[in-house]
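Line by line, the protein sequences are chains A and B. Just so you know, we're using this note's numbering here: the first sequence kicks off at 15 and counts up by one. Just so you know, we're using this note's numbering here: the second sequence kicks off at 17 and counts up by one.
Hints were generated in silico from the structure; no laboratory data involved. Check each hint, because a few of them may be wrong.
Think about it this way: if two alpha-carbon atoms lie no more than 25 Å apart in a straight line, the pair counts; the simulated DMTMM-like pairs of lysine to aspartate or glutamate are [stated by the list, open to error]:
(1) A/K204 to A/E258
(2) B/K72 to B/D95
(3) A/K310 to A/E258
(4) B/K104 to B/E81
(5) B/K72 to A/E98
(6) A/K43 to B/E32
(7) B/K45 to A/E41
(8) A/K97 to B/D95
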Amino acid sequence: MDPLTGLKALSGNRFTCEEPDYMQLIEPKLIRRMSRIIRMGVATAMDALEQAGVKDPSAIITGTAYGCLEDTGIFLQRMVENKEEMLTPTAFIQSTHNTVGAQVALLLKCHSYNNTYVQRGHSFETALLDTMLLLGENPAASVLVGSADETTNQSFVLLERFGLFRHQASGEGACYFVAGVSPAAGSLAKMAGLKTIFQPGDHAVEKAVHSLLSQNGMKPADIHILLTGRTNEPSTATYYGMVEKTIFPLTPAGQFKSLCGEYPTASAFAFWLAAKILKQQSVPSIICPSFTGQLKNILIYNIDTAGYHSLMLLTAC
Amino acid sequence: MNREQLIEDLKGQIIEQLNLQQVTPADIKADDPLFNEGLGLDSIDALELIVLLQQKYSVKLANAEDGPKVFQSVGSIADFIIATKAEKS
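Pulled out of the complex, with its shape left as it was, chain B reads as follows:
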């Protein structure tokens, strides 16, 4: 899966996991902020996203301090998944 495909996959997973009402993948831009502005996610959603990364992409967020940077946008999450998987292999 390349970066673009991963981003599209992530959008669908986030919409489903967070039960985002009236939001389609097309409404989410790769660099849109996820928290506060943008999708307006909150701290409970952050926990849901951490579990989503572990369950669907087998990627674990080891340092909580990295959270704000990783979860900045769908694009930054995709970059984190790609980088972590590259490190593992």
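Here chain A stands alone, though its shape is the one from the complex:
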């Protein structure tokens, strides 16, 4: 089924991923030591490589805020229960943040550059930034870049107590892309620009948007869809309102967090969504009902709950 056609708004306050039958994608002998988030990351990485026709990427770059939470929870729980004795190695080994990227490299026997960025709400964006820098240095490279974050029963309870899901459901997700300088036949979109801002003051977001647009020779009218992470969270409403109403009053705006929930690398879902929209030249009605007109440039504006703002500009290939 076409993923854009299958998009639907979810209900409840905890969204979980729809997962494939991993047995069809990963060898059973290898899968037994992979927790859910590792399976999700590995499956999406393998799918992205297959779609791009790349077998040996020049680099593997991952962004994750929470890392492998399930294994971290298991390890810590056993540490407490067993009074710091008789701890099994698997949960400890798999609990580190770079496990997803490392497992992908092990499966591919890829000894190239491998890095994982743990930058809270800018984790995916930082992975993208590193990708852009790498491609700037080596235009022949093909970089596997993505993100993975999971919600566990424990983390959901804890974060809910902090009030994180009061205005938007909790979410999770994994995705990988293959990035290169030269567009190929199957390329989804072009990553035109990226800006990150942490807890911006007055006018900082407005300046960043205009700066990103002018760097690409664009004006607000050149943006055909504004894809935002807007939720019912009151503390972010002013920022989203300013961007939607002051900078892009005539641009159709759609929200993506009703589809994927709130999580630190939710912007990666928006990145995938924008890329697919540009490739298919079709906007799901759940994003922008009855969209018509030119479809070349999409701007993603996301705010993570802790004040991490990001802007990502994608254009059609």
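With chain A fixed as given, assemble chain B onto it according to the hints.
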């Protein structure tokens, strides 16, 4: 628990602890090798098995040199547990 019962119990514990996919107790013969061939376990699994023996059967592997012999098969693990418990009592 006699040797046969212990072997059956061990098979279930090993499958659960090592998260062996698509493996049932019936697939494991008492004398099948656990490492390399057979179930294809590795050094991380050996550590998991050591912890399993301590936690579930209160048996400690005192000498690491004994590992290859003890962990040769489910049957050899059962023999080791029985012998160690007999020594203790």
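Verification of the hints:
Only pairs whose Cα atoms come within 25 Å are accepted, and A/K204 paired with A/E258 is accepted, the gap being roughly 23 Å. Our distance criterion of 25 Å between C-alpha atoms is met by B/K72 and B/D95, whose separation comes to about 15 Å. In summary, the hint linking A/K310 to A/E258 is supported, as the alpha carbons are separated by about 18 Å, within the 25 Å threshold. About 21 Å separates the Cα atoms of B/K104 and B/E81, which keeps this hinted pair within 25 Å; it holds.
Distance hint between B/K72 and A/E98 is fulfilled; the C-alpha atoms sit about 17 Å from each other, no more than 25 Å. A distance of roughly 14 Å separates the Cα atoms of A/K43 and B/E32; the hinted pair therefore holds under the 25 Å criterion. A distance of roughly 23 Å separates the Cα atoms of B/K45 and A/E41; the hinted pair therefore holds under the 25 Å criterion. About 29 Å separates the Cα atoms of A/K97 and B/D95, which puts this hinted pair outside 25 Å; it is violated.
Checked against the numbered hints given earlier, the structure breaks only hint 8 and satisfies all the rest.
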